[in-house]
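Colleague: Here are the chains, one letter per residue:
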Amino acid sequence: GAGVSQSPRYKVAKRGQDVALRCDPISGHVSLFWYQQALGQGPEFLTYFQNEAQLDKSGLPSDRFFAERPEGSVSTLKIQRTQQEDSAVYLCASSLGTVGYGYTFGSGTRLTVV
Amino acid sequence: TQLLEQSPQFLSIQEGENLTVYCNSSSVFSSLQWYRQEPGEGPVLLVTVVTGGEVKKLKRLTFQFGDARKDSSLHITAAQPGDTGLYLCAGASFQGAQKLVFGQGTRLTINP
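Chains as they are written, first to last, in our numbering: chain W, -11 to 102; chain H, 9 to 120.
In short, the hints are calculated from the structure, not lab data.
You may find that some hints are simply not true.
Said to hold, decoys possible - Chain W is faced by these chain H residues, among others (derived, beta-carbon under 10 Å):
| no. | residue |
| --- | --- |
| 1 | Gln45 |
| 2 | Gly48 |
| 3 | Glu49 |
| 4 | Gly93 |
| 5 | Leu94 |
| 6 | Gln106 |
| 7 | Ile118 |
For every residue, glycine included, the Cβ atom is placed at its ideal position computed from N, Cα and C.
For reference, chain W alone in the conformation it holds in the complex (with noise of 0.2 Å):
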């Protein structure tokens, strides 16, 4: 497609429910990434994918977010057993190459958790 496109837009979640937030990267993107960003704050690094690899996963809070991309394409992230402290937006980025190029973010999933 033409641009990073993530889905829902908006999710909410009772606490303790699971979820999965889908990113489609663009086109032939080799690199993929998740982001956190909470309200008024920056986004924070989650986590990194060169093709289907996950190279870096450093910024992942806990063991109940984990982050799959099979083929090399699609992304998912999943959050089990939500908190309300997991309530942000999740953001999805691609590059053609390094960190370098910049990224294409997508419009993000607002996830509440109540």
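Given the structure of chain W, go ahead and fit chain H onto it with the hints provided.
Modeller: Then chain H, alone, in the frame of chain W:
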């Protein structure tokens, strides 16, 4: 841990005025990027600066990377209401990690 501090965090000025936003760190970065984010949207890349001392211009926006590659500034001339938004700086490290470290952002409001 690499941190980027942006100042000011909030800025509200009248149309036609000039302004400068700063992005500072104690860490050295291989490159630094500036993004602009509108409500409900993801950040949009404005510019990437790579060389220490580099200056790039994008219409009324001027970006500078510090000589020591630890800081950057964004200067807007004759601000317009369409410049309103959240401006984010983001740095890439030399260690080869592909992730960006973002500042907390500067929320800019231009009043007509």
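Colleague: Each hint needs a verdict: does it hold in this structure or not?
Modeller: Verification of the supplied hints:
1. Gln45: Holds, because the Cβ-Cβ distance from Gln45(H) to chain W comes to roughly 8 Å (cut-off 10 Å).
2. Gly48: holds, 7 Å
3. Glu49: holds, 5 Å
4. Gly93: Not OK, violated: Gly93(H) not within 10 Å of chain W, min 13 Å.
5. Leu94: Given a least distance of 9 Å, the restraint on Leu94(H) holds.
6. Gln106: holds, 5 Å
7. Ile118: violated, 19 Å
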